[in-house]
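Number of protein chains: 2
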Amino acid sequence: MARSAGVSYSTVSRVVNDYAHVNEGTRERVQAAMRELGYVAHVTARALASGRTQAIGLLAQEIDNPFFSVVIKGVDQAVSMADYDLLLCTTHSRREKEAEYVARLSHGMVDGLLIVLPAGLPEYVAQLRAEDYPFVLIDHDSDAPGCNVVNAANRDGTREGIAYLIGLGHRRIGFITGRQDVGAAHERFSGYRDALAEAGIRADESLVVEGDFLEARGYEAARELLLLPHPPTAIFASSDAAAFGVLGAARDAGSQVPRDLSVLGFDDIIEASYPGAALSTVRQPLREMGRVAVQRLMSLLAEPTQPAARLVMDTELVIRQTTAPPTGWAARRPR
Amino acid sequence: MARSAGVSYSTVSRVVNDYAHVNEGTRERVQAAMRELGYVAHVTARALASGRTQAIGLLAQEIDNPFFSVVIKGVDQAVSMADYDLLLCTTHSRREKEAEYVARLSHGMVDGLLIVLPAGLPEYVAQLRAEDYPFVLIDHDSDAPGCNVVNAANRDGTREGIAYLIGLGHRRIGFITGRQDVGAAHERFSGYRDALAEAGIRADESLVVEGDFLEARGYEAARELLLLPHPPTAIFASSDAAAFGVLGAARDAGSQVPRDLSVLGFDDIIEASYPGAALSTVRQPLREMGRVAVQRLMSLLAEPTQPAARLVMDTELVIRQTTAPPTGWAARRPR
DNA sequence: CACATTCTTGCAAGCGCTTGCAAGGACATT
DNA sequence: AATGTCCTTGCAAGCGCTTGCAAGAATGTG
Chain A
1 MARSAGVSYS TVSRVVNDYA HVNEGTRERV QAAMRELGYV AHVTARALAS
51 GRTQAIGLLA QEIDNPFFSV VIKGVDQAVS MADYDLLLCT THSRREKEAE
101 YVARLSHGMV DGLLIVLPAG LPEYVAQLRA EDYPFVLIDH DSDAPGCNVV
151 NAANRDGTRE GIAYLIGLGH RRIGFITGRQ DVGAAHERFS GYRDALAEAG
201 IRADESLVVE GDFLEARGYE AARELLLLPH PPTAIFASSD AAAFGVLGAA
251 RDAGSQVPRD LSVLGFDDII EASYPGAALS TVRQPLREMG RVAVQRLMSL
301 LAEPTQPAAR LVMDTELVIR QTTAPPTGWA ARRPR
Chain B
336 MARSAGVSYS TVSRVVNDYA HVNEGTRERV QAAMRELGYV AHVTARALAS
386 GRTQAIGLLA QEIDNPFFSV VIKGVDQAVS MADYDLLLCT THSRREKEAE
436 YVARLSHGMV DGLLIVLPAG LPEYVAQLRA EDYPFVLIDH DSDAPGCNVV
486 NAANRDGTRE GIAYLIGLGH RRIGFITGRQ DVGAAHERFS GYRDALAEAG
536 IRADESLVVE GDFLEARGYE AARELLLLPH PPTAIFASSD AAAFGVLGAA
586 RDAGSQVPRD LSVLGFDDII EASYPGAALS TVRQPLREMG RVAVQRLMSL
636 LAEPTQPAAR LVMDTELVIR QTTAPPTGWA ARRPR
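So the sequences go chain by chain: A and B. Each residue of the first sequence is one higher than the one before, counting from 1 in the working numbering. Each residue of the second sequence is one higher than the one before, counting from 336 in the working numbering.
Hints in this document: simulated from the structure, not taken from any laboratory. Honestly, I wouldn't trust all of these hints.
Below, in silico cross-link-like pairs of lysine-lysine (BS3-like), each with a Cα-Cα straight-line distance of 30 Å or less [what the hints assert, rightly or not]:
id, chain 1, residue 1, chain 2, residue 2
1, B, K408, A, K97
2, B, K432, A, K73
3, A, K97, A, K73
4, A, K73, B, K408
Residues of chain A placed beyond 10 Å of chain B at every Cβ, according to the derived structure [unchecked claim]:
id, residue
5, L48
6, Q295
7, P304
8, R310
9, M313
All residues carry an ideal CB built from backbone N, CA and C; glycine is no exception.
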């Protein structure tokens, strides 16, 4: 190798790794030789010897879903800032793949792990914790004792959104849930109940319809709600995608949004801000969540045994053009 | 390790790697022990010893840009099908990062490389080729002798698009170019000239405005065109994003699309299909390009010295609602 | 039954780099 | 001038796995 600089292998290694206690002259000689020979350290060998790969793994279900892609974007940025590489693994929603990847990745492939919306957590969390392997969960809303978690304030955000609708004058507010196996879905529902309770509105079970975060189901659910004998004046969908489904159902049912029906989503995916949609929604800071998760992971990498923390990021109510006071409200309201 | 099965390390390795010449009984014993002990091979060590990492690297400029993200999606799918891992590196458009990543990745980090829209190719291509390192370029439209390339039929696709506009009756067709440092931009421009020439229409230089694929510049360019003494009746933008800029400029200038102005884009990003936009465009099969590139890479992995090939994927003209015959055309045309 | 073949399996030499240890040299201190 | 310190640098032992080689076991052949 670069022992054409007339030094031993160890010294080259020390130069490459920027060790102290290397003579300035030697260092320069080695660097010159490296440049000349175009020497590039063998990443794998280095990883094996040092035990560190300088890479972190990101485990997600999909890459193109607008939810994941924004989180990934944030992660990517932060990882590259920190001078790490990113190994991206997608499970394509195949639950069993998750534990498999975790095992592989945590065994010398990457130094730490970021898991977005874990689906098979119980299968491997004990192992990871026992080894003090650094990992951070993103958007995990179930209980996971001793895990570092980053998520949005699903409950508070939803509560704020519903409270806003109530403030506009709505009393019958439909709720389309998210996928039941996702913790965030439950949190959002709790936020809905909380807001109703705080306003002293009796919860009407017929106004709650199960959804799955997707547009198609959102459409169906909205149809059901709109066909009710006493339909809601506003509908909250647990995701923007579902909210788009609601918008479609409203259009097809001939109700004008927001005149006849207010629609509020959750997420603030990029499409929500397009002029054609202008969806009012509860913004979840996905990119920041990715970034923060990386920061947390970096901190764990430096100090693996620190106590676990749960980071809850504030949401933001984004009011666009799909929400308004219910018809007749202004008239009815004394002022 | 799993020598609790009473066999040597080599045998374990042979079982893990599915070698022939392992006694069935031994194999089962080892597998049982592995399961029991939860043995997971150390990826890095294995890579160092075998020289193969079972991972491929994907180098792109960004991840969230709709162009890249779709390609990445295709790559991701194909890679996971092939049972490889994906190491994703983003240069964030910092040109010098590219060669750096290539060097690192090709030195033991991954078995092969996919480079989307290479920007600093000359800096490392010689090295890669000298080492017979397997790599495939995606959307590289300049000449790169001896390189495996996958891209869209930028020239033919554009020609077809322009020919379609001509067929509608347009004679003055504006053209907004892409970024000049991207080969595809030149190809698309050539397609434009070809189509005009074939139809016997004299090229009018004032109808060609430089753009950069982005929406903002598309808006500006369209303004320029619309302010011309004899403005075009149709504008082709070298990307959908730019086409959206054109749409905006048309709106602000009070011209109705497609009545007063036809707009044709290139790419068919997801936004183009949204009802609010309904942009006519030349579809580039980005996902398929990603997939095909992986297949090609896998083939190179198996046989690194095979002759290089250039795969040109057909585009498809997608007609939505931003293109129509120019006003007065039907009247003027005898029928 | 002796010998040739084919299976199985262990041995040990790496893969290319990191790093603890110790030795040699330079410099400072008394 | 002798001794103590601190700098530098090389040595060599790994990191955990793969794999060519060869030996021993099992099976086949005449």
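Violations among the numbered hints, reported as their numbers in ascending order: Hint check: 5 fails alone, others pass.
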